[in-house]
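Asker: Work out the full structure, taking the sequences as your base and the hints as a guide.
Chains as they are written, first to last, in the UniProt record's numbering: chain A, 1 to 349; chain B, 1 to 349; chain C, 1 to 349; chain D, 1 to 349.
Be aware that a few hints might be false.
Given that identical chains are not distinguished, each listed pair holds provided it fits within a single copy or across any two copies.
[Stated by the list, open to error] As a list, the in silico DSS-like pairs of lysine-lysine whose alpha-carbon atoms are at most 30 Å apart:
id	residue 1	residue 2
1	16	3
2	119	16
3	326	249
4	133	249
Hints were generated in silico from the structure; no laboratory data involved.
4 protein chains.
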Amino acid sequence: MNKIRIGIIGAGRIGKIHADNLLRLPQAEIAAVSDLFAGPELEAWAADRGIARVTKDSGDIIADPQIDAIFICSTTDTHVPLIKQAAQAGKHIFCEKPVSMDIHQTVEALEAVRQAGVKLQIGFNRRFDHNFKRVREHVQGGTIGDPHIVKITSRDPNPPHPDYIKVSGGIFMDMMIHDFDMARYVSGSEVEEVYAQGNVLINPVIGELGDLDTAIVTLRFANGALGVIDNSRQAVYGYDQRVEVFGSKGSVAVSNDHPNTAEISTAEGIVRDKPLHFFLERYNAAYIEETQLFIESLTNGSPLIVDGNDGLQAELIALSAKLSYKLGRPVKTAEAIRLLESEQLKETV
Amino acid sequence: MNKIRIGIIGAGRIGKIHADNLLRLPQAEIAAVSDLFAGPELEAWAADRGIARVTKDSGDIIADPQIDAIFICSTTDTHVPLIKQAAQAGKHIFCEKPVSMDIHQTVEALEAVRQAGVKLQIGFNRRFDHNFKRVREHVQGGTIGDPHIVKITSRDPNPPHPDYIKVSGGIFMDMMIHDFDMARYVSGSEVEEVYAQGNVLINPVIGELGDLDTAIVTLRFANGALGVIDNSRQAVYGYDQRVEVFGSKGSVAVSNDHPNTAEISTAEGIVRDKPLHFFLERYNAAYIEETQLFIESLTNGSPLIVDGNDGLQAELIALSAKLSYKLGRPVKTAEAIRLLESEQLKETV
Amino acid sequence: MNKIRIGIIGAGRIGKIHADNLLRLPQAEIAAVSDLFAGPELEAWAADRGIARVTKDSGDIIADPQIDAIFICSTTDTHVPLIKQAAQAGKHIFCEKPVSMDIHQTVEALEAVRQAGVKLQIGFNRRFDHNFKRVREHVQGGTIGDPHIVKITSRDPNPPHPDYIKVSGGIFMDMMIHDFDMARYVSGSEVEEVYAQGNVLINPVIGELGDLDTAIVTLRFANGALGVIDNSRQAVYGYDQRVEVFGSKGSVAVSNDHPNTAEISTAEGIVRDKPLHFFLERYNAAYIEETQLFIESLTNGSPLIVDGNDGLQAELIALSAKLSYKLGRPVKTAEAIRLLESEQLKETV
Amino acid sequence: MNKIRIGIIGAGRIGKIHADNLLRLPQAEIAAVSDLFAGPELEAWAADRGIARVTKDSGDIIADPQIDAIFICSTTDTHVPLIKQAAQAGKHIFCEKPVSMDIHQTVEALEAVRQAGVKLQIGFNRRFDHNFKRVREHVQGGTIGDPHIVKITSRDPNPPHPDYIKVSGGIFMDMMIHDFDMARYVSGSEVEEVYAQGNVLINPVIGELGDLDTAIVTLRFANGALGVIDNSRQAVYGYDQRVEVFGSKGSVAVSNDHPNTAEISTAEGIVRDKPLHFFLERYNAAYIEETQLFIESLTNGSPLIVDGNDGLQAELIALSAKLSYKLGRPVKTAEAIRLLESEQLKETV
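Answerer: What follows is the structure in structure tokens.
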């Protein structure tokens with residue numbers, strides 16, 4: 001068997017996680033890593049893992065004829081140009097979410113991928129989580145009948161640094177985008193209309209930066225189902241990631257993962273440990289599986305679990321939510337792009 | 001101690017439940033019962049319980065100088081005139097929800113109560129449920145800090161008969177009104193804005209009658225918190241009554257009550273029994289407590305847990321939800337009454 | 001319908017509970033109450049409840065020709081003579097557990113009951129608990145196949161007063177006797193052999209009085225199943241009452257009842273309230289049901305859920321446990337009575 | 001850093017698991033693997049993993065001067081001679097449980113280890129499980145005060161093949177030995193007395209081979225606590241691995257691990273998936289950690305979590321249980337070895 005040779009662009013936290021997960025796979029090897037800030041530290045890190053080449057220039061990765069597939073783990077503003085270049089070079093692509101914050105550019109990137117005939121997987125890692133997969137299986141398998149109500153709770157243990165907030169694209173594009181994808185994944189239906197409510201309740205600095213830290217978004221799906229997502233940037237008890245799908249024959253609900261099942265009973269009450277702290281702990285196995293299934297798709301042609309269109313749809317819902325909040329009214333995803341063009345909104349969104 | 005002498009108007013299911021709960025209380029006695037359809041059956045029922053007087057005419061109850069307090073358990077359209085008459089006769093009043101479906105009339109009824117200086121408790125029985133009381137205690141006690149997100153799930157095991165749907169006032173006024181009251185009760189804040197989404201997913205007949213069977217309503221509270229309520233007329237697994245309040249220092253969540261704690265583990269999976277079937281089973285103890293605390297309020301002057309204004313506020317939110325769904329946009333509770341007057345909406349709401 | 005007329009002997013805590021539960025039943029009325037310490041307080045209590053007669057002499061109750069059934073709620077040493085007298089007077093009998101601490105006397109009492117042809121129910125209230133009934137239903141219904149392992153945990157929130165310990169008959173006869181009955185009830189099989197381990201870990205005074213405060217007893221059933229019961233006189237987190245039956249097709253397990261389902265999530269962990277505090281809270285509904293089913297058995301001839309033989313068998317197992325602990329070896333229930341006679345053990349047991 | 005060079009003796013299922021776990025560790029490398037049945041398949045397996053040397057002769061591994069530590073994963077009868085040889089060759093040793101089925105030989109093996117001054121870790125993998133570690137932490141940290149009752153449930157999803165039963169050493173030495181170690185681990189105290197009950201309820205073949213398939217063992221600890229372990233060879237709902245320690249200040253209890261948190265609610269009931277199927281699924285992370293901490297102990301001198309004496313003590317308790325069952329009475333661990341010598345028992349145990 002020929003191994004899939006991988007190049008990684010962007011060796012920050014998530015790039016390194018993907019690297020370590022790739023190293024476990026017998027069908028893959030990492031040929032090269034690029035990072036704008038490559039230096040002795042990254043070289044040592046690569047050497048420890050038997051990765052032969054480290055470069056500052058992502059172009060070196062894309063130009064390397066021996067590389068089959070590229071992991072784009074650099075900042076969001078680089079995603080679209082890198083996808084285009086990689087696609088034109090005939091490389092398969094794994095790209096972190098979101099593809100971009102400009103939906104027109106995302107469309108262009110997907111078109112480049114389509115023309116090149118390469119594969120593109122988007123980093124919606126939660127689709128590979130044991131709990132959410134089980135929800136999807138039950139909905140697909142008909143256990144709960146026709147879906148009527150989809151409920152998603154997604155709360156972070158603490159807000160990101162204000163510097164990150166500034167470039168994040170806002171709560172809908174940065175954080176809730178995962179939940180928009182989840183809504184489509186578990187319901188098996190497209191979102192047609194969105195209404196967003198939000199507030200700044202945790203840190204006024206977030207508000208000063210034009211963002212929200214608490215939000216509730218109502219969804220209406222093409223199949224008639226209704227949905228609701230709630231986000232908070234700060235759940236002091238830890239990462240809160242729950243999904244429930246309710247339908248004509250019942251419901252399926254998943255709650256959080258905990259580090260253990262211990263229950264402590266004392267004179268004060270019954271206590272258990274908080275949920276797994278954050279996404280690295282909670283989605284550790286999901287990160288491994290998304291990498292593995294991407295490689296398998298390259299080797300055996302199995303369909304991708306999450307492709308470019310999934311990335312686009314989630315962005316479209318996020319954009320609709322952003323517009324809905326701005327306009328104070330529900331927005332149809334079908335009208336979001338048109339609204340985006342309107343003079344009045346152009347500057348503010 | 002002088003016993004509080006009670007007259008019950010309306011001896012349907014709920015009137016009889018209140019009667020049986022009153023009979024347990026040493027401080028109360030039931031002097032008379034009226035029902036439009038009173039006959040031998042009701043007389044036998046009353047005789048079994050030592051209730052001396054049965055009449056068809058509610059006026060007999062109101063005119064009885066020995067009666068201290070009246071339970072209004074007749075149909076909603078009779079609530080306002082009966083409240084006015086009872087108040088004028090100086091009787092304390094327990095009235096089932098909603099006070100009326102016309103908010104102006106509700107205001108008039110409350111004004112009559114105010115002028116007469118009598119007490120009025122509204123039948124929001126869920127405030128007396130062990131689970132929801134515990135939520136309220138933790139929120140009031142500061143355990144979870146400032147409330148940020150309020151989530152209420154409320155699903156019935158099966159929809160009412162179409163004949164009932166016709167006169168029910170619609171899902172927001174008939175069913176979700178309990179949840180609107182719950183939202184105020186657990187958050188300790190007023191609702192300022194409402195956005196309602198809904199659909200007919202269970203029974204098309206419900207849609208033909210101009211009603212919804214599935215709904216999600218987003219709330220914005222005066223204290224800045226956000227809320228969401230989801231209702232379904234049919235949860236095949238039984239009565240689903242859950243509340244969660246999330247705040248700056250944590251969250252408190254209550255799940256359903258079950259008939260037992262048995263867990264069955266077999267080769268097929270781990271199974272437990274469904275929740276308590278419907279409101280009579282789930283809120284049995286709450287019905288007892290609401291009656292008891294009403295009587296206590298009359299005997300020792302303790303404040304009512306749920307008064308006339310609570311009834312009014314819940315109706316106002318329900319009205320706002322109805323208008324929001326009709327208009328397809330969020331509606332502020334402060335504008336709902338004005339909207340109600342507008343020519344365009346007059347006929348349809 | 002003629003009401004069953006009840007006489008209550010012994011108006012301590014449990015006698016009063018039975019009285020209040022009987023007062024709820026339309027088919028029963030309380031004709032008289034006797035208590036050695038009857039006085040103005042008890043008379044006021046009885047007057048409040050419309051109980052016509054209060055006496056110091058239990059003989060008055062037994063001699064009253066209008067009384068159909070007698071509740072024996074006096075101290076254990078009075079049970080056997082009262083059962084004999086009541087039986088001879090043709091009264092049906094409800095007697096608190098244990099019948100006696102001398103198994104020969106228990107046999108005599110049962111014989112008197114048999115000869116008189118009256119009914120005798122023993123106060124093993126836990127058989128009427130919603131959780132344990134569900135266990136029994138599943139075992140009887142075959143859900144778990146043939147029972148292999150029965151596990152019972154039974155721990156009190158705090159030990160009784162040393163004065164009570166002195167006359168209690170010891171942990172096996174006073175406390176674990178409920179669990180011995182439960183073992184028979186849920187397994188549907190007789191206990192053939194017992195091995196008891198125990199220690200004094202909570203309060204040395206209990207040891208000085210010749211008793212244990214912590215015990216584990218292994219059982220071997222006639223159907224081949226094995227069982228284990230653990231008791232502690234002090235679980236600081238409250239009343240701990242759990243049962244599990246494991247069999248060839250699965251297991252059924254019941255855990256504790258809690259005052260609510262609230263889960264509090266904070267930076268410190270996930271907390272819920274302790275179980276219902278003690279037997280009055282936990283078995284409130286079970287006490288009501290045991291009374292009701294006893295009365296129903298008298299009115300409609302339905303079989304008793306727990307009869308005299310159940311009382312005898314539980315005592316026999318308790319005696320075997322006591323002997324096992326004393327001898328430091330397993331004891332067959334069939335040999336326990338014989339061992340009891342042996343000179344060596346006579347004084348110590 | 002010099003890597004620890006490992007030789008693996010015995011390349012069956014467990015040997016291969018340890019190998020794969022060692023391959024994840026940067027501080028370790030596998031120098032050689034021996035197996036009596038080594039052939040092309042094992043050579044391919046080794047080549048895939050970059051393991052240079054495959055041999056049929058365990059002596060090659062022991063004689064290799066470049067090897068620092070040996071994993072003994074061959075059949076139980078080979079453990080003692082291999083431990084002695086490895087110790088004499090100055091190798092550190094990881095040995096699967098039990099060390100042997102002859103306690104005198106186990107003592108000899110430990111003596112050889114002591115004289116050689118090498119490290120010996122026994123494969124009690126459950127000490128590294130996230131749940132049981134949390135129990136131990138709470139007991140050691142004083143959360144539950146002084147331990148009073150230790151309860152361990154340990155049930156396999158299905159019995160091993162009769163061929164394995166024959167050479168297994170019986171349920172106490174083969175299966176419950178893990179629980180004996182767990183009892184010592186979580187209680188922090190030695191076991192002084194054992195009483196074993198057992199039966200053949202699953203498969204009569206197991207009885208014909210002189211073994212039991214269902215057993216309950218009562219323990220008495222040096223610190224006065226009592227304990228109970230129940231084992232079944234067949235829980236149809238899957239691997240059941242629970243521990244509870246109850247003490248003067250409360251209790252800590254751990255339940256099973258499940259593949260997900262999904263709860264399915266339908267008209268039939270509330271269902272969740274069965275626990276993780278068997279030890280490979282449940283203890284996957286524990287196997288990784290036991291390997292890692294062994295290697296760390298070799299590199300940084302940290303104490304072993306489970307050493308030779310732990311292996312010996314568990315065997316001693318298993319022997320006592322075996323004798324107890326045979327004799328039908330409790331057996332003190334201190335008397336077990338003496339009993340073993342008695343003429344009468346020699347042949348049967």
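Asker: Of all the hints given earlier, name the ones this structure violates by number, lowest first.
Answerer: none
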